[in-house]
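If you read the sequences in order, they're chains A and V. With my numbering as the guide, the letters of the first sequence map in order to residues 144 to 517. With my numbering as the guide, the letters of the second sequence map in order to residues 144 to 517.
Read the hints as simulated data drawn from the structure, not as lab findings. Misleading hints may appear alongside valid ones.
Copies of the same chain look alike in the list, so a pair counts if it works inside one copy or between any two.
Straight-line distance between alpha carbons at most 25 Å, and here's what the computed SDA-like set of lysine to any residue pairs gives [said to hold, decoys possible]: (1) K398 x G232; (2) K311 x A422; (3) K398 x D387; (4) K228 x R373; (5) K311 x V161; (6) K228 x R248; (7) K311 x H489; (8) K249 x P487; (9) K398 x E195; (10) K398 x Y477; (11) K249 x H510; (12) K311 x Y505.
There are 2 protein chains.
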Amino acid sequence: MSWTVAGHIGAEAPQITVADIPDVARGAAILGAGGGGDPWVGSLMAQAALAECGPVRIVAPTELGPDDFVLPVAIMGAPTVIVEKPPAGDELVRAFAAVERAVGRKVTHVACLEAGGLNSMTPIVTAARTGLPLVDGDGMGRAFPELQMVLFTLDGIPSSPMAMADEKGNTVVLDTIDNHWSERIARSATVDMGCSASIALYPLTGEQAATALVPGTLSLARDLGALVRRSRAEHRDPAEAVADHAGGRILMRGKVIDVQRRTVAGFARGTARLLGIGADEGREIELAFQNEHLLVTELGSDGRAGEVLASVPDLVCVVDVDTGEPVTTEAMRYGFRVTVLALPAHERWRTPAGLELVGPRYFGYDHDYRPIEG
Amino acid sequence: MSWTVAGHIGAEAPQITVADIPDVARGAAILGAGGGGDPWVGSLMAQAALAECGPVRIVAPTELGPDDFVLPVAIMGAPTVIVEKPPAGDELVRAFAAVERAVGRKVTHVACLEAGGLNSMTPIVTAARTGLPLVDGDGMGRAFPELQMVLFTLDGIPSSPMAMADEKGNTVVLDTIDNHWSERIARSATVDMGCSASIALYPLTGEQAATALVPGTLSLARDLGALVRRSRAEHRDPAEAVADHAGGRILMRGKVIDVQRRTVAGFARGTARLLGIGADEGREIELAFQNEHLLVTELGSDGRAGEVLASVPDLVCVVDVDTGEPVTTEAMRYGFRVTVLALPAHERWRTPAGLELVGPRYFGYDHDYRPIEG
């Protein structure tokens, strides 16, 4: 598959149009690993922006030049709140412009901070409304709950200057000593802003973006989204098609029998228990999440935690067992019948430095990371 | 009394020198109404800056011209913390410079946000280190615990752009829709920064500063500080001298018999109970504070709250019964023998709009303000 190409000769640039959005949002929500925001909310926002402002040109990271200046954008906060209070107006563009003012330089390209049903759409909205091209890549190859959890941090790239904007009209610009401090101060401001804020951060030179971004995230999202749609139409298992395509595997098919969820400290934290169905009957697993799924544990017949089936940084993805539609952590409900998949994380997350930043121990689990393939 | 005047002919500008600091800090701490920071910490900071950078020129608000651009500075946070973690280096100047960058204009004069043992010194430090003159005035005529509690708010002057800096090197710039939002977001960031932060806010045109500042705060602080020093030397009651000079009255002389204090949500909150001594024997009063003293209540013989003797916006000041040295809320201890005075607030605080912003009901007390003279 490839992006829609503008038809006029001499300007055959790939672009993203209203028609591309449902597949991209669906696939991005799968890559969001339970987080990254709701694809339905994201689709509506992106389609409205594209309908109003026209298609957005897509650029590969390798096409970026040394004079280019790239700015990722996202929505920060608790998905439980964001789904009820999506950005209403110009928050993304205001955050974007605040970084431009702080740096004293015009941005040439928008980028995705993370993959996700909403957070792969917010850059499309920003690109449409600013008229800038969008880089086909992101900072994580998935979604993670905290700001410092991007590959940029491994490269020593600062999140500052970072800007935040809310729907009321407040703007905050941070210039911090490291990316953990950005997370800390921005998280408090996000809570003040009502648990969701539009953010622009990690301004990147063209060279930095070319090496630090995970390339092809939007293309991969679109391909996965289309694969789910086609598998469904052809009565094949959408989850199996996704696992095959992305080099992952299916952990269990099951029914959600319990969800514990709290919106706390600007995050949606909790656990979900699933009882196996079909070939998995008799099994029980528990998913632990903080916006994104962090850890999947097999439960014994006594309800005690047993083997860890998958953990961060690998992607734990939950999709509807029949339709393959991604189920985000904030949408998970009692009775949902889902397939739980694990997809491999970007290789840089599996290094010692990567695991220190986003491995299970960072999140407080007494567990050494094991790749899902092993 | 008058400021030290530079001796060389043709440049007889009033200035503040190392020798002026003890009186100014003492008097400012009295005007701080229990808050505004510790005068000892403040004196050390200001004297170090003046010794290093030379005297600071003092300018009356009426001397400001239309092309002048005035920026107040302060330390924000819980006095209990600030006294243990005063600004160590360039935090004030970094906050100051961040507002200049955000506005895109060089500041011509530094000003005081509030009167206080520390917060009348922080502008002196900033003026010394930037080489700028200091305006003899402040935004309150006393100290108050929250950012929006300045006369500027009554004039519709925004606190934005506002900057905050910590000793670690983090800087935050806020651009908010109103001054209450600045307080809300900045308070969270202050807590993140370790419960104290250097701030620069309410950038003022020369015209705004000339009308919105309480004029002569530094001169009044110096006069009150000198009065206490001289009264003490002449074996007169320093508290009576202060009350006479400032049009206030003495509420009680007593011994501190209990202090309840919590550092919470970035504030030092609590109450202190005092048992009358000398002519006041048999009486008991309670002081309620949030950084600053808010309310003084006479207690009945059954320990129940009786008449309110004084409340915000009037100044409730506590000084040592013998030396007249101001006692800040964070320094108050069991056994201290003190005089409690009330001084009249600036007339604009006594208007309906002023009382809405800083009256007893804003702080949650079911009490209608009554001026201390009445």
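These are the hints, each one checked on the structure:
no. : hint        : in the structure
1   : K398 x G232 : neither (38 Å within a copy, 58 Å between copies)
2   : K311 x A422 : neither (51 Å within a copy, 56 Å between copies)
3   : K398 x D387 : within (23 Å within a copy, 79 Å between copies)
4   : K228 x R373 : neither (32 Å within a copy, 62 Å between copies)
5   : K311 x V161 : neither (28 Å within a copy, 46 Å between copies)
6   : K228 x R248 : neither (31 Å within a copy, 37 Å between copies)
7   : K311 x H489 : neither (37 Å within a copy, 33 Å between copies)
8   : K249 x P487 : neither (36 Å within a copy, 53 Å between copies)
9   : K398 x E195 : neither (41 Å within a copy, 71 Å between copies)
10  : K398 x Y477 : within (8 Å within a copy, 62 Å between copies)
11  : K249 x H510 : neither (44 Å within a copy, 54 Å between copies)
12  : K311 x Y505 : between (34 Å within a copy, 23 Å between copies)
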